[in-house]
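Each residue of the sequence shown is one higher than the one before, starting from 1 at the first, in full-length UniProt numbering.
No lab work stands behind these hints: they were computed from the structure. None of the values given here were measured: they were computed from a predicted structure. It is possible that part of the hints are untrue.
Claimed, not checked - Computed cross-link-like contacts, BS3-like style, restricted to lysine-lysine with a CA-CA straight-line distance of at most 27 angstroms:
no.: 1; residue 1: Lys135; residue 2: Lys154
no.: 2; residue 1: Lys246; residue 2: Lys154
no.: 3; residue 1: Lys200; residue 2: Lys246
What the hints assert, rightly or not - Derived DEER-like restraints, expressed as beta-carbon distance ranges:
no.: 4; residue 1: Asp95; residue 2: Val123; range: 17 to 23 angstroms
no.: 5; residue 1: Gly272; residue 2: Val59; range: 38 to 44 angstroms
no.: 6; residue 1: Glu37; residue 2: Gly82; range: 29 to 35 angstroms
no.: 7; residue 1: Asp30; residue 2: Lys81; range: 47 to 53 angstroms
no.: 8; residue 1: Asp30; residue 2: Ile314; range: 24 to 30 angstroms
From the three backbone atoms N, C-alpha and C, an ideal C-beta is built for every residue, glycine too.
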Amino acid sequence: MDLLEYQGKQLFGRHGLAVSDGKPVTTVEDAVAAANEIGYPVVVKAQVLIGGRGKAGGVKLAANEDEAREHASNILGLDIKGHITRTVWIEHASDIDTEYYASILLDRSAKKPLLMFSIEGGVEIETVAEETPEKLIKHHIDPLVGLTREEAIKVATDGKAADDVIEGVADALVALYEVWIEEDASLAEINPLIVTPDRKVKALDAKVTLDGNAAFRHPDHAELGDSANADPIEVKAAEQGVTYVKLDGDIGILGNGAGLVMSTLDVVAQHGGTPANFLDAGGGSDAAKVKQAVELILANENVKAVLFNIFGGITRCDEVANGLIAAFEDLKPSVPFVVRLDGTNDVQGREILEQAALPNVYAAKTMDGAAEQVVALAKGA
């Protein structure tokens, strides 16, 4: 789950990271009141889960009440790359002397947390890595020990942070790791991590992604994220306990097991198709769950064809067939389906579908053949 900037900053503050005073608001009047309370100058910042807010007019400096009102009026409701701004963050403007970068994420190849630090903050880290790689310090952290202050000081020193703020940077890095580990984050990033003229180190921005698999340990995380801009199909899927991610294509995908679904997406793409979703029906899916999944797929109006790719283990192919029949009886889909059933009770499943003679349903023997066929159907062939 990705957090809005202000939510990430609130987490930072709980763990000792210095952030600017601010308030999230949803109306113009509340924005003006917050600005008056915080004290001018303030920054009015759109809270959306997308980059490029500043270029889109979503970040403005206000020197007085009139400007705060004007900027809040313009930013609330602003569409930034398809994300509607429903909340703005009002914070006291910061004086900036230097901009650094810091982040912690999981390096899956090394199986360790990775700390990255650079004195080239305020720009995309990919640009720094490509153009000035010597200015990007990478340091793996022993997960059994954590990030020690001595390590953090070395990272700040090796990264050539100014001598008089090395201690402050080290403190920020240790606090950032505390956020990452204690909040079960998969990413905790500050860009920029600023140094003020009076040599204070402060997080001016926050990008935090929380691990949804650890949500049961953090009931306080339930209200986080950008639910107002969440895709309604994804919200419904989450309520039903179905793993569904909406994509930009026109071919609905259903499989059982994340690895199989990922492979299916790849094979469809290899044949020139564009998947409309990732949907993992999971192991042991019965007819009711399959019908639920079909409803989710067809809720996306862009879907022109659907591919079922089932490799039965604990999932029985006859149950999948019965679920598809139930879905057709209730939903009466107008788009073609390609169904590949293999594994547990696959013969029975194929026989059930054959006897049902569902309109516009095609059987396929292999994943490659199924992908090729569904792409052709989506294109009208």
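The hints, checked one at a time:
no.	hint	verdict
1	Lys135 <-> Lys154	14 angstroms, holds
2	Lys246 <-> Lys154	43 angstroms, violated
3	Lys200 <-> Lys246	42 angstroms, violated
4	Asp95 <-> Val123: 17 to 23 angstroms	20 angstroms, holds
5	Gly272 <-> Val59: 38 to 44 angstroms	40 angstroms, holds
6	Glu37 <-> Gly82: 29 to 35 angstroms	32 angstroms, holds
7	Asp30 <-> Lys81: 47 to 53 angstroms	25 angstroms, violated
8	Asp30 <-> Ile314: 24 to 30 angstroms	52 angstroms, violated
Hint compliance for this structure: hints 2, 3, 7, 8 are broken, all remaining hints hold.
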